[in-house]
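S.K.: Work out the full structure: start from the sequences and follow the hints.
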Amino acid sequence: MIWFWTHLACIPKTLETISHKQDPWIEKRAGYGEKEAGREVIDEKSVREYYTRNQLNSEERIMKYILECLKQ
1154 MIWFWTHLAC IPKTLETISH KQDPWIEKRA GYGEKEAGRE VIDEKSVREY
1204 YTRNQLNSEE RIMKYILECL KQ
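Per the working numbering, the sequence shown runs over residues 1154 to 1225.
Check each hint, because a few of them may be wrong.
[Said to hold, decoys possible] In the PhoX-like style, the derived pairs of lysine-lysine whose C-alpha atoms are separated by at most 20 Å in a straight line are:
1. Lys1166 x Lys1224
2. Lys1217 x Lys1174
3. Lys1174 x Lys1198
[Unchecked claim] Quick list of simulated restraints, FRET-style, between CB atoms:
4. Glu1189 x Ser1211: 32 to 38 Å
5. Glu1187 x Asn1207: 23 to 29 Å
6. Ile1179 x Lys1224: 14 to 20 Å
7. Gly1184 x Ser1211: 31 to 37 Å
8. Glu1213 x Gly1191: 28 to 34 Å
9. Ala1190 x Glu1212: 30 to 36 Å
10. Met1216 x Tyr1185: 29 to 35 Å
11. Glu1221 x Val1194: 24 to 30 Å
12. Thr1167 x Lys1188: 18 to 24 Å
To be clear, the hints were calculated from the coordinates, so they are not data collected in a lab. Fair warning: this is a prediction, and the values are worked out from it, not measured in the lab. Don't be surprised by glycine CBs; every beta carbon is placed ideally from N, CA and C.
M.R.: Following this line, the structure appears as structure tokens:
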């Protein structure tokens, strides 16, 4: 498990790759160009609802989700 997280952190742009596939981020990017910087704040409620809706409520499910995001 420690190996997984240590090496995952070394992959460039891992967090960006994962978060940019999530609905809260996509919704806040509406109207922005691909390279245009956004200034919208993603509220905690949107993130909580996304994680609940996708049943990301255990370490096992979150790890599986991360791996799936990185495959795409």
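S.K.: Regarding glutamate 1187 and asparagine 1207, is the given constraint of 23 to 29 Å on their beta-carbon distance met?
M.R.: 25 Å, holds
S.K.: Regarding glutamate 1213 and glycine 1191, is the given constraint of 28 to 34 Å on their beta-carbon distance met?
M.R.: 32 Å, holds
S.K.: Using the beta carbons of alanine 1190 and glutamate 1212, state whether their distance is inside 30 to 36 Å or not.
M.R.: Because 33 Å falls inside the window, the suggested range holds.
S.K.: Just tell me: holds or violated, for the beta carbon distance of glycine 1184 and serine 1211 against 31 to 37 Å?
M.R.: 35 Å, holds
S.K.: If you draw a straight line from the CA of lysine 1166 to the CA of lysine 1224, is it 20 Å or shorter?
M.R.: Between lysine 1166 and lysine 1224 the Cα gap is close to 14 Å, so the pair holds against 20 Å.
S.K.: Per the hint of 24 to 30 Å, is the separation of the Cβ atoms of glutamate 1221 and valine 1194 within bounds?
M.R.: Holds, since glutamate 1221 and valine 1194 (Cβ atoms, about 27 Å apart) stay within the stated range.
S.K.: That 14 to 20 Å hint for isoleucine 1179 and lysine 1224 (C-beta), does it hold up?
M.R.: Holds - the Cβ-Cβ distance for isoleucine 1179 and lysine 1224, about 19 Å, lies within 14 to 20 Å.
S.K.: Does the Cβ pair methionine 1216, tyrosine 1185 satisfy 29 to 35 Å?
M.R.: Holds: the Cβ-Cβ distance is about 30 Å, inside 29 to 35 Å.
S.K.: Can the suggested window of 32 to 38 Å be confirmed for the beta-carbon pair glutamate 1189 and serine 1211?
M.R.: 36 Å, holds
S.K.: Next pair to validate is lysine 1174 with lysine 1198; report whether the Cα-Cα distance is within 20 Å.
M.R.: 17 Å, holds
S.K.: With a cut-off of 20 Å on the C-alpha distance, tell me whether lysine 1217 and lysine 1174 pass.
M.R.: 15 Å, holds
S.K.: Range first: 18 to 24 Å. Now tell me if the beta carbons of threonine 1167 and lysine 1188 are that far apart.
M.R.: For threonine 1167 and lysine 1188 the Cβ distance comes to about 20 Å; the hint holds.
When the structure is compared with the earlier hints, no violation turns up for any of them.
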